Structure formats: structure tokens, C-alpha cells
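Colleague: Each chain, written out:
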Amino acid sequence: MSDHSYEQDPFLRPENEKRRVISPDGEQYEVDPMQDYFCNAPPREHKPAYSKVVEKFLNWARAESLWVLGYGTGCGSIEIYPLMTPRFDAYRFGVQQRPTPRQSNVLIISGYLSVKTLKRAIRSYEQMQNPKFVMGLGSCTINGGMYWDSYNTINRLDHYMPVDVYVVGCMPRPEALLAGFEKLKKIIKEGRGEGANEYARNFDWYKANQKKIIKDWNMPDYNW
Amino acid sequence: MEDMTTLIKALRSRFGITDIREQREDLTFLSVPKDRVIPLLTHLRDHEGFSSFILLTAVDWMEEEVFQLTYMLNNPEEKHNLGIRTQISREEPVMESAHHLWEHVATFQRELKEMFGIVFPGSPHLNEEFLLEGWDNLPPMRRDFDTKKYSEETYFPRPGRKTKDPAEHMKEKLYPNEPRPQRASQKGDD
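Chains as they are written, first to last, in the numbering used here: chain A, 2 to 225; chain B, 4 to 193.
Next up, chain B with everything else stripped away, as it sits in the complex (with noise of 0.2 Å):
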């Protein structure tokens, strides 16, 4: 822990990091400006003993208006976790590749691609398909995206699938002569 503290400390102004979070004792969590996202992962690499790539993932604030990417990475030396966190536009998801460094980052790039149309230029086989053959549609991770409708409208729903409210059901089954707003209609009741 003490080596994580000192290291923090190093490279805090030279990277521009604006929050850590200690959210283990072997797990911190950094963020940074995009920008200063790759020189970061190489210095890490490089050396610091960060030499394993974990996962890249997204996350969509879709208030705010950005995506969150945070770059897991591992020492297996120290046996340390770091997670590096930035945010980039929504409206220009446009991020620095980072497959010179590790190899395998490029399959996590092609996925975000597709989950979330987050680019990333350069990135090898970026444009195939992964999951989604023929996706037409919004990119399925973003929160604008309605999965419920989008799947109600092609695949076919089962007519009877019904769902009762808990407590709109205890109620009525406790105070059955309380009255109360009519419900304009059931939940998934077509």
C-alpha cells in the first residue's frame, strides 16, 4: 500500500490525475484527462510493473453526456489492481486506441464499437461484427437504446406474460375496500 501512496504521488501532476478512490486494498482507482489516458498506460507498462490488461468497459452517463471508460490493469508483482477512468464526449465517442500496448485490448475496443459505438482509429479489425450480424439499429448499450420495445417490436412476444406489483398486490389483498386510482393498465398484460 505504502508503494501505491509514493507511486500516486509521482505521477499525480505529471499525468494530470484528478481523483484516486481506494476502493480496496488492492484495488485503486484513477482518473485522468483523455488525453493523458495512453501516456499513463505505457508509463504503467512500462515501469511501474503493470504489465497485465485486464478488461476495458464503458459505462453510459447518459446525463452528463459522456462515457466513462475505465482500463483495468495488474501488478502481478505487487499483486495490485488499477483502474484507470476517463470521460470522453457522447456526442463525439472518439478515444485513443491502445492496442501497441497490449494485443488483446483491440477485442475489447471492437466490442465497445459495437455495444456502444465508441471509436477507436487504428484499432485492427475495429469494423467487424462481434455479437451483433447486421445490427441497424442504435448501438444496444446505450441507455437511449429501449430494449424492451426494440425486442417487444421483432421478436415475436409471447401474448401472456403477466406481472403483478407487489405492493399494489398486498394492498389490494389487505384493504380491499380502500379505495384507489384505477391503474390505466397492467403491466405486460396483452
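Isolated chain A, as found in the complex (with noise of 0.2 Å):
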């Protein structure tokens, strides 16, 4: 560990530090990446299209392709994978696992959240696209199951950020899974997906809650 002010703050690493970089032509110029990599604006909401026929097909555009990212937080990551395989093939319903958040809409929060995850958690769903969609998978993102006494696991995710669709079971099958995929299709296609909406509508109430578990924030306000 070198005497850098990592040790106050982990999130001041080397690569996070303000610093003048050349570039291949032979320029010079300053990166702040506090400053250039994180917006400095909350989210806005994004409003539906002009028509609702328009709102209609977009609606139904969005909810063919739910490409999910691909990150597990509990025991429930362990029944995600198999729906990737020949016997469960989730790909005829559009769904597909994507290797960042950028590239992604839906974020499935598969099992019990520790707040050292929900912090990972959180950046990786600020991080996605608008618009995006977030599944609760099993019970312990309903109301914590078996971890809903622990000092380290969230009980509620709703109250972090904003669920579309919760799929009961202490693990629910990868069959569970499927249907809670066709529940958050409907729901997309009848314009119930408003999930970024509603994160932007209450932003200030959602950051006032995740920051009241998660004593050290060090990151940005705005991670996106």
C-alpha cells in the first residue's frame, strides 16, 4: 500500500486522480476523471413519444429485447445461467446477457443484497440506459427472507431503486424466471415500465436512503 490518500479514500485511487495525459498525436491535455468520466446533473425523466401509437411500438421494441446484464449478487445468479442453455433457451423470448451495464436494460438483483453489493449495485444501475428495467429474483429482495434479522443485508430493494417485477422463491426455478420475464414484457408493453421515470421523479428520496446504509459513500452522486 503505497502513502497515497487511498487510505483516507479508497474511491482517490491512481486512475481517479486529475492528471495531464498525451495523447498519440503528441498532444497535451488534463483529465479530471471526477469531474470528465461522471456526470454532474441528476436524471431527468424522459418524456413518451409525440403519438401513442408511436409510444405503442416503442413500448413493444423495448420489451422484445430485454438484454440483461450480466451480474449476480446472491445464491439466486446460479439459476440465471441455465437459462442461457438449449433446455430453458431464453433467447427465443429476447432475453440475452450483457457483459456491461451500458449495453444493457434490464439488472436482475438475484438474491440477498449486502450493502457492500448494493453499492456495486446501484452504479451498475445508474450506469444503464434509459430506459431500463430492474427484477427482483427471490424472496430476499422482497422483505429480506432468511437474512431479515442480518446486519448487513437490505431488506427491502425497493427502497434503493425502483422494482418492475419481483419473482418469489428461495431460489425460484429458472422456469420462475421465465415467467417473470413474460410478466415484465407485459407490463413494458402496457407502458407500466417506468422505472428510470420514477428513479428520476424521486431521486433525492432514493440517494437519501441508500445513503443512510452506506456509511462511506465515496463515489459520485451522479454515476452515470
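Please note that the accuracy of each hint is not assured.
Keeping only pairs whose Cα atoms sit at most 30 Å apart, straight-line, the calculated DSSO-like set for lysine-lysine is [as the list claims (entries may be wrong)]:
hint, chain 1, residue 1, chain 2, residue 2
1, A, Lys53, A, Lys213
2, A, Lys117, B, Lys165
3, B, Lys151, A, Lys213
4, A, Lys213, B, Lys152
5, A, Lys117, A, Lys190
6, B, Lys152, A, Lys212
7, A, Lys208, A, Lys19
8, B, Lys174, A, Lys213
9, A, Lys19, A, Lys120
10, B, Lys176, A, Lys216
11, A, Lys208, B, Lys151
12, A, Lys120, A, Lys216
13, B, Lys152, A, Lys120
14, A, Lys216, B, Lys152
15, A, Lys208, B, Lys152
16, A, Lys120, B, Lys176
17, B, Lys176, A, Lys212
18, A, Lys184, A, Lys53
19, A, Lys117, B, Lys176
20, B, Lys165, A, Lys184
21, B, Lys176, B, Lys165
22, B, Lys152, A, Lys117
Taking beta-carbon pairs under 8 Å as the criterion, some of the chain A residues facing chain B (in silico) [said to hold, decoys possible]:
hint, residue
23, Arg124
24, Ser125
25, Asp150
Everything labelled a hint here was simulated from the structure, so no lab data went into it.
Treat the numbers as computed from the prediction; the structure is a model and nothing was measured.
Glycine is no exception: its CB is placed at the ideal position from the N, C-alpha and C atoms.
Starting from two chains that each stand alone, build the complex the way the hints lay out.
Modeller: Structure (C-alpha cells):
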């Protein structure tokens, strides 16, 4: 461990420090990752399309291409992988996994969420593009499940990010997950998949809840 | 097994072993005073073939005001496990570090620092957070830390979780007319 200010603030890693960069052309310019890499404005609501027909068409398109962030938080992540096998074949529902938050629009919180993981989950969620949807998997995301009195796992996911659909069970089978995707599709087609807008509307409330339990808030407030 | 008996006999007076428990054919626990632990571990590693360190764990004996530390060692040649137990004061939980014997002991010590507040001076990365980022309460594995209360105060419990005591439930079902004391409040009924 160097004598860097990392000791005081883990977020201030060397790569996040203000520095001069030389481009391949020999041009020099200053980079301040904390300013340049992150947005400095709260999220905005996205208005629906100008016409109902267009909005309906867009919702159909959104519902038929659910791109899931390949990311698991608890024991439920093991139930996601079989979805991509021939037996369950989630591709036929337009569901596929993407490696980065920027490319995906569905975040599956697959089981218990500890405070440490919640921090990462929030960052992933905020980096995802609108419109985005959250699926809570298992009873841990609903009321804490078997970890309801634990010192380090959250009880209710919907206090930290807007949840579109819950899949109950401990753990739900891959079939239940597929049913959850069908339900999510229905919700989106009806125009009720408004999680991102809800997050923007109640941004202060969500941030207050997140900051209440994440004691060392050492990341930017706006992560996108 | 013969080897273990002779080994313990040889070590007994030298390291002040107070208690010997043969849990299984291949598992023995020894209790030693706090200051003899590191010499004993060093001896076992260098001369008796216990080259593999498995785990270091702690138990909070709140009533006796001690933490019990257990160092598990393994002898891959003899296929024998050996647990070294020691007790340290709960008031002043400081223990000598063993990271110089096996590198990965430091990780266990870091975990114990976080979960029990046991300090191992000189252990690398001891004060870095392991799982609990920004924790500002009692170490959560100590028994005087009330996890349920903390969880209820912190994590927005969802109302509606009800539990029924099975004995009470059956009494009510089988003998509904029997007079019984009224319970103050149902557990978890909020």
C-alpha cells in the first residue's frame, strides 16, 4: 500500500486523480476523471413519444429485447445461467445477457444484497441507459428472506431502486424466471415500465435511503 | 494415532498444554496459554509436519469474558488435523500475529478484526475493510451486538411478517377453552 490518499478515501485511486495525458498525436490535455467521467446533473425524466401509436410501438420493441446485465448478487445468480442453455433457451423470448451496464436494460438482483454489493448494484443501475428495468429475484429482495434480521443485508430492494417485477421463491427455478420475464414484457407493453422515470422523480428519496446505509459514500452522486 | 499421543506427550510440558480433546480419529484439539501459541505453531510447522494452515476463527464467550481463538492446522503426510485453542481477554482483545508463519493468516486476522474487533498488531492490511465498508457500530459478531434490532432500525423492514409459536398454536387449537395468560404482543407483528 502506497502512501497515497487512498488510505483516507478509497475512491481516490490513482486512476481517478487529476492528471495530464499525452495523446498519440503528442497533444497534451488535462483529465480530471471525477469531473470528466461522471455526469454532474441529476437524472431527467424521459417524456413519452409524441404519439400514442409510436409509444406503443416503442414499448413493443423494448419488451422484445430484454438485455440482461450479466451480473449476480446472491445464490440466485446460479439460476440465471441455465436460462441460456438449450433446455430453457431464453433467447427465444428476446432475453440475452450483456457484459456491461451500458449495453443492457434489465438488472436482475438475484438474491440477497449486502450493503457492499448494494453499492455496486447502484452504480451498475445508474450507468444503464434509459429505459431500464429491475427484476427482484427471490424473497430476499422482497422482505429480506432468511436474512431479514442480518446486520449487513438489506430488507427491501424497492427502497433503493425502483423494482418493476418480483419473482418469489427461495430460490425461484429458471422457469419462474422465464415467467418473470413474460410478466415484465406485459408490464412494458402496457406502458408501466417506468422505473427509470420513477427513479428520476424520486431521486432525492432514493439517494437519502442509499446514503442512510452506505456509510462511506465515496463515489460520485451521479454515476452515469 | 500413536504418533499423535507421543507428540502431545512431548509437547505437553514444553508448551503448557492445559486441555487435550480427541474429537475424532484424525482431529485433536489442544488448549494452550495465549503467549505459547506462536512458539507452538512455529514448532508444529517446522518440526512436526503440520505445514498447512486451514483456518483461524474466534468464538465469543461473553459470560466468561473471553474470546476463544482456534488455529486449525493440517498434516498432509499423516492426514491429521490439529486445532490449537487459546483464550484472550474480551476487555483487551489483542493477540500476537501469526502472518509470518503462513501468509494467508493475515486474511483471517483481518476478518477477525472486523467481525470481533480482535487486534493483531503488525498484521498487513489489518485495518482495511473486508466486508463491512464504513461500519461504525460494535463489531457485528460480538454477542452483545443485537443484529435484529440493528436490522430493524436500519433496513426498512417490510411490515406483515408474522411468526407463530408452534406450541402456543397447538394449545390454542386443541384446548380453545383453557384459560391462559394473554401474550403481551405477538412476535414480529408490526
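Colleague: Given the hint that lysine 208 of chain A pairs with lysine 152 of chain B, does the C-alpha gap stay at or below 30 Å?
Modeller: holds (23 Å)
Colleague: Run the distance test for lysine 165 of chain B versus lysine 184 of chain A: straight-line Cα separation, threshold 30 Å.
Modeller: holds (28 Å)
Colleague: Would the pair lysine 117 of chain A and lysine 165 of chain B pass a check requiring their Cα atoms to be no farther apart than 30 Å?
Modeller: The hint holds at about 29 Å.
Colleague: Keeping to a limit of 30 Å between CA atoms, is the pair of lysine 152 of chain B and lysine 117 of chain A held or broken?
Modeller: holds (20 Å)
Colleague: Decide if the proposed pair is consistent with the structure: lysine 208 of chain A and lysine 19 of chain A, CA atoms, cutoff 30 Å inclusive.
Modeller: Holds, because 26 Å separates the two Cα atoms, which is no more than 30 Å.
Colleague: Lysine 152 of chain B and lysine 212 of chain A: Cα distance at most 30 Å?
Modeller: Holds. Lysine 152 of chain B to lysine 212 of chain A sits at ~19 Å (cutoff 30 Å).
Colleague: Holds or violated: lysine 152 of chain B and lysine 120 of chain A, Cα atoms, limit 30 Å.
Modeller: Holds - the C-alpha atoms of lysine 120 of chain A and lysine 152 of chain B are around 23 Å apart, at most 30 Å.
Colleague: Compare the distance between the alpha carbons of lysine 176 of chain B and lysine 212 of chain A with 30 Å, and conclude whether the hinted pair is satisfied.
Modeller: Given that 30 Å is the threshold and the Cα spacing comes to 47 Å, the pair is violated.
Colleague: Tell me if the straight-line CA distance from lysine 117 of chain A to lysine 190 of chain A falls inside 30 Å.
Modeller: Outside the cut-off at roughly 34 Å; violated.
Colleague: Under 8 Å, Cβ to Cβ, is where serine 125 of chain A needs to be relative to chain B, so tell me if that hint holds or is violated.
Modeller: violated (16 Å)
Colleague: Does the alpha-carbon distance linking lysine 184 of chain A and lysine 53 of chain A stay inside the 30 Å limit?
Modeller: holds (22 Å)
Colleague: Sort out whether lysine 120 of chain A lies within 30 Å of lysine 19 of chain A, counting only the CA atoms.
Modeller: Since the Cα atoms of lysine 19 of chain A and lysine 120 of chain A sit roughly 24 Å apart, the hinted pair holds (cutoff 30 Å).
The structure fails to meet hints 1, 5, 8, 10, 16, 17, 19, 23, 24 from the earlier list, while all remaining hints are met.
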